[in-house]
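Undergrad: Protein chains in written order, with my numbering: chain A, -14 to 550; chain B, 10 to 297.
If you're looking for bench data, these hints aren't it; they were derived computationally from the structure.
Note that CB positions come from ideal geometry on N, CA and C, so glycine has one too.
Among the clues, some could well be false.
So the derived label-pair ranges between C-beta atoms look like this [what the hints assert, rightly or not]:
#, chain 1, residue 1, chain 2, residue 2, range
1, A, N256, B, A189, 27 to 37 Å
2, B, G244, A, M280, 28 to 38 Å
3, B, S95, A, G212, 10 to 20 Å
4, A, D476, B, M94, 55 to 65 Å
Partial selection, computed: residues in chain A whose CB lies under 8 Å from chain B [stated by the list, open to error]:
#, residue
5, T105
6, G109
7, F154
8, F155
9, E195
10, G242
11, P247
12, D253
13, R349
14, G455
15, W458
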Amino acid sequence: MKTGRFPLVAVAFAMLFGGVPATAAAGPAAFVGVAPATSAAGLATLFGVAPATAAAGPAAIFGVAPAAAAALQEEGEGKALYDAWCAECHGATGEGDGSAAESMLPRPRDFTQARYQIRTTGSGELPTDEDIRAAIENGLPGTTMPGWPNLDDGQIDSIIDYLKSFSRFFGAGPPPEAMDFGSDPGGGAAALAAGAQAYIALQCQECHGEAARGDGTSAPTLEDWRGLPVRAADLTEAWFFNGGSSVEQLHRRILTGLDGTPMPAAIDAMNSGVVSPDEVWQLAHYLASLGPREMPTLRDVARVARAEGALPADGSEEAWAGVETFYFPLSGQIIQSPRNFAPTVDGVWVQGLHDGSDMALRIRWSDPSESPDPRWDEWQNKMTAALDMDGAEDIPVDSAGSPLFRPPDALLLQFPFDPPEGTEKPYFLMGDSRNPVYLWSWSAVDGVSAGRGRGLESIEAFADDPVTGGAEWAEGQWTLYLRRQLRTDGDGLDFAEGIPTPLAFQAWDGSSAETGKRSAVSSWYYVLLEPPASSTVVVAPLLAALLTGAFGLVLVRRAQDRRSK
Amino acid sequence: MRSRFWQTPAAIVALSATAACGGSDAGSEEESMDEQQEAAAAVDPAMVGTISGMVAFTGAAPMMSAVDMSAEAECEAGYGEGGPMSQNALVSEGGGLANVFLYLSEGVSEAPAAMGAATLDQLNCRYMPHVLGVQSGQDIEISNSDDLLHNINATPEENRGFNISQPRAGITSTQRFQVAEVMVPIRCDVHGWMQAYVGVVDHPYFAVSGMDGSYSIANVPAGEYTLTAWHEEYGTMMSSVTVTAGASSDAGFEYGADAMGQAVPAAEALVLAHGTSRIRIDRAQPQQ
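Only chain B is shown next, with the shape it has when bound in the complex (with noise of 0.2 Å):
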């Protein structure tokens, strides 16, 4: 159990940089390859662990409040009988708060460099997925699936941004962002809902809550790190984590909301030793 787990994302991660190289001319450009690849060939399973858990929600879960996209029938074909719902805080049936950042925001010494494009699709006049995260200077492959007028407007405060117009299905654009910056926002002026969020961090060690709160960070260097937790309406939470080589170490967030919708950042509610690994929550502080 334990082996499978860390060499499923080593072979990937192998095999893209394999991929990116081949075919490429001889050059500088080529050596910094090699060095990529011999650095993620270099990830040894002895010496790396996995961060996961569960982020939580606790209080009332916040109303979802309905999207109007009458503008663009196209695009509200494209949802059930509900029809589109806010994405800004989707609490799971478990209580696990989607679409929340994690990264490692301090205790990273070194990193391999970024491997593959991370990809952002316009569908149905939504981004998928709402929050992203990158490596700085990874490609973001931004595309457009629907058949009509997108622009892509990315206001970061760190990095130089961009604003793209996609109008039609197809195109896609390539962009980067060439810092850290937690978090660039991303929007479409022509369809005023229409945001996304893009974490910037200068290592692999980033992951955003599934549908059902949970995430995963693997091939951590042991070590001891700060764990960051990023919600847009909720804020920023952080904590200590401890990685174990060979291990996975278990940090869990939990988020919630008072009866009148105000964030409570419950400080108590952390985590839990599991196996080697401690975690305590250092402080919580909401963002505003």
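The following block holds chain A by itself, in its conformation from the complex (with noise of 0.2 Å):
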């Protein structure tokens, strides 16, 4: 599922801002409460870790710490391993209360309850070894659980041990064992149509939604077993599965469900003949083809492509197909109170189209909900209530428990107003004082406006911007459409041709009670658009090629008439 980020990524991320001030290394780990005592060998090492080691990597960060390798030495070495790595989040006890549990979403694993979503065993059966050891060795995307790449086999046996040793439903019966998953007939257009069928014979789109975004009619209720919501899966991004975005792995969750969440398994509506084994496979293939299999490739600057003709009028999926798409990755913005550990916004997908007078540009984003939305105000005192751990303002509700305040749905696009020089970049929040940003802002209810940005709550609307554009919500995305002339006469920013213009994304998701700094944030990107050149670039060769080919063929011809002459 879908509703967890990744806050230690999170933190990854806003150290790789330009400009990240001491703070925010610092900030994190205050939060999450670590004691200094278990700091050195603990996931606090993460946090109060230095932006060069973070940027490094998982292997990195998990290296060994010491107080766990002196243990490893001695018996109880799955107790001395869990307490070391894995009870920050999961507690001492296996409850999944860990100190830093609080702010995920979805919640660590409770060990006592045995209730294992990734499976290769039925419906609310026990996990095998295998399913464990999986879990552990890869992490679980689109959770706070990540891979463990730094221990051995022998450590992770210890660990799989210790951690059944915290619920009495291990070893009280025979050992689980994986299902006859059978074999997969292939993929392929027809597979694909079939799976597309076996979607809607099977109900997915109930919660998943017509265009599988995890916007369905049941998607605003869902809980998981501890009664905290819980989204359904926008599969277009399997980037954030936690099982696994493979073929095979999708038609296991289909068959196994996940338990603790909503998701079903689906093996009784298949023996009772809803669908064929061949059709689940099917289904499985037509999963797999609804987007990228990995996370786009980040690449750090938009592209912004001078246009052949006019520029796209609108946002619509006509005017501007074969224009090239950059993905931008967003987290939760975790610097400044209130936090967001669980955003639903994580990534944008841009085009850019100008014409060397006036930019256009069409960003699209998942968001199950159009908020606001009053069909989902229980979802978003929900979300209010699951993350409201460090003192985050709630939105009141009324004596009905009706919100009294819905937030709509918002995205903001920053540039520097100054050039930047080297690397430097104004603070990525909205900027500071001393480095403002120029604001292209869009809401759901206020519509699009820009202005001048000096820090989170410090910003300033242009009154006479001409930045123009409206977004359209369809199936579970949205589709902003953004234009204004390069060179204003106004308060805001020119951009040139061929100068590669900083840039960062913010984000609101109002359904899930994201208001304010509660919100979705990336990195610094640059917007670069091309000059008029780089077309010619690409046509003279072409068209050299095309003529030295007209030229030999003239000269072949000439020699074939002289022959039958």
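Can you join these two chains into the complex? Each is in its own frame, and there are hints to help.
TA: Here it is as structure tokens:
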């Protein structure tokens, strides 16, 4: 399920932002309340770590801590490893209530319940040791559970034994056995069509939505076994699937369900003939075809090409077909309170064109709710309660339990006013007093406007900025269209061709109580308006090749003519 | 009168035992079934009695709240003019409280194994019944009478749970809970208003109060027991009960609510000596 994001990654992200003040690294560590005594061995290493280490990747982050290494030599290796690496989130007694747990959604696994989402066994059954091993080795994408490449097989074995000991269910019966999943009849166009039919036959759209972005009719009411809000997965973002994105893995999730969540096992439906075993495989192929398998490669620069003809007049699919798309990930704003550890918007897809005088951008992002929307009131209340751990302002509710305020969905683009010198950029949370940022702001209620930001709480709107545009929501996705002259007489920024301009994003899902600082943010990227020359560079060699070919043809024809005479 | 009272359930038990064994293959399973059959047949009318009574509700009857089923017009159409109402506190005109699970919580030393399957249906986006009693290990046949998607998500703590989808009418899933647990919640995540409770006990001495608040537990071996009543809104109450062979013991419970709708277990509101059985309240303890 994609409710959870990855605060740890978010921290790393935060550290990569240009000009992050010293408090950025210290803030989260203080926030999760890591005691100094445990910090040497636990995840605290992560939070307190220097930016250079964070950037070096998980291996460095999760390098074996000295305290844990010493304990390995002793009896009770599983307990020592668990206490060192797992207890921070999963709790010393395995109840999923470690000191960092409250900030996570979904919460860490409660091992005493032995309710495992990712299994090769039937609904409600215990996982096999291999199922647990896979979760430890690879982590659970879309949640706060990282993979643990620093642990060897023997160490993982001992951890598996130890965490099974938290639950009386293990050892009470015969060891769990993996289901027989049959064999994949293969993909292809016909399989995808059959898979799309199976999606409807199994009524997947009730929760996941027609376009599979997690926006089904029942999506606003979904809860996990703890009663905490849980998202129907956005099936177009496979890199967040906690059980993996391969066809085989998707097939298993369909037949085993995700225990502890609303996702049921379809095994009885299959056995009752609603779908055939082959059709379940075809459904897995269909789901695997809905988006990229991996997170799109991160590119620093969004190129805004020079349009051949007129700029697109809106954000429609036809107008933007064939225009290169850039993906930029967002993560929760966790630097300033109220923090957001489970943001809805996890990335934006950006396309851009210009014609030398105007620039048009098309920005799309998944959001299952078109906020404000009263159908999501209960969800909004639950999100507020579930993540209200650092004194975040609650949104008050009336006597009937309806929130008094329904924040709208919103997106914000920011550019520095002054051209950056070197790698220094304004503070990524809407600048600061010394380095203001130029903002393009869209909200579902107020539409598009521009302004100047000097920090999150100091935003000044421009009355005369010519930026225009609007957004449409359909099937769990917003499409925002923005257009502005490159150069203006107003207070806004002038854009020049050929010079990369830093760009960052901030997004809000109102129905998840995201408002103000509780938002999703991106790092700094660049937008680059390609100069007209760039098209000549492509066209000239093409022309040359064509002319050479034509000349060759003429020569050959002449030679043939001569021969035939 | 007295003899007819116990003969009927005994006959049913014997019949189901016969049916369950019919046509089964030879083997240890059959042997154990034979033992069960013997056990069932061995219910000696001279050794058992019946507990029955009323679960009453005093004070202001709770307001019924409407359930918004507009998301499933097909289900909504199954209800009359008033539309679907909540099931969490049903009080009859006569003041009886329905959907109370009553079971012997102490005093049962041995019990026959479960016979046949219990059934849980989904009809018009509602569980039928709303409260179900089963014996540990007993088959529960869960079926879908609605031609739309339901998922059956059981989240017990003592037992293993399950979460099964039934995307159309006519599908039946068979599930079991292996150990006693009162109660196991079952819900449908597609339709957030759908909620059922399953009481799992190690013996067949349980009942669920009907729409009029009455209940009856038959074939209880003579002895001293604790009878526990559970209601989803008004909590748990207990009572001592003595069952005398060949007699019917009357054991009533009284739930109530004050003007604010808060549960008020009426401590003295109990019952009654009937025949040779004595009943009194040991304690009343609403949950939470």
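Undergrad: Against chain B, is D253 of chain A within 8 Å by beta-carbon distance?
TA: This interface hint holds because 4 Å falls under the 8 Å limit.
Undergrad: Are G109 of chain A and chain B close enough, Cβ to Cβ, to be under 8 Å, as the hint says?
TA: 4 Å, holds
Undergrad: Against chain B, with CB atoms and a cut of 8 Å, does the hint on G455 of chain A hold up?
TA: Result: violated, 30 Å to nearest chain B Cβ.
Undergrad: Could one say that the CB atoms of N256 of chain A and A189 of chain B fall in the range 27 to 37 Å?
TA: 29 Å Cβ-Cβ, so the 27 to 37 Å window holds.
Undergrad: The hint names G242 of chain A as touching chain B; please verify it with the least Cβ-Cβ distance against 8 Å.
TA: 5 Å, holds
Undergrad: With 8 Å as the cut and Cβ atoms as the points, is F154 of chain A at the interface with chain B?
TA: 7 Å, holds
Undergrad: Is it true that D476 of chain A and M94 of chain B lie within 55 to 65 Å of each other by Cβ?
TA: Given a distance of about 60 Å, which is inside 55 to 65 Å, the answer is holds.
Undergrad: Close enough to count: is the Cβ of T105 of chain A nearer than 8 Å to one in chain B?
TA: Violated: closest Cβ of chain B sits about 16 Å from T105 of chain A, beyond 8 Å.
Undergrad: Does the Cβ-Cβ separation between G244 of chain B and M280 of chain A fall within 28 to 38 Å?
TA: 50 Å, violated
Undergrad: Does the closest beta carbon of chain B sit nearer than 8 Å to the beta carbon of W458 of chain A?
TA: 20 Å, violated
Undergrad: Would the stated hint for E195 of chain A survive a check requiring a Cβ distance to chain B of less than 8 Å?
TA: 14 Å, violated
Undergrad: Mind checking the hinted window 10 to 20 Å against the Cβ distance between S95 of chain B and G212 of chain A?
TA: 18 Å, holds
Checked against the numbered hints listed earlier, the structure breaks hints 2, 5, 8, 9, 13, 14, 15; every other hint is satisfied.
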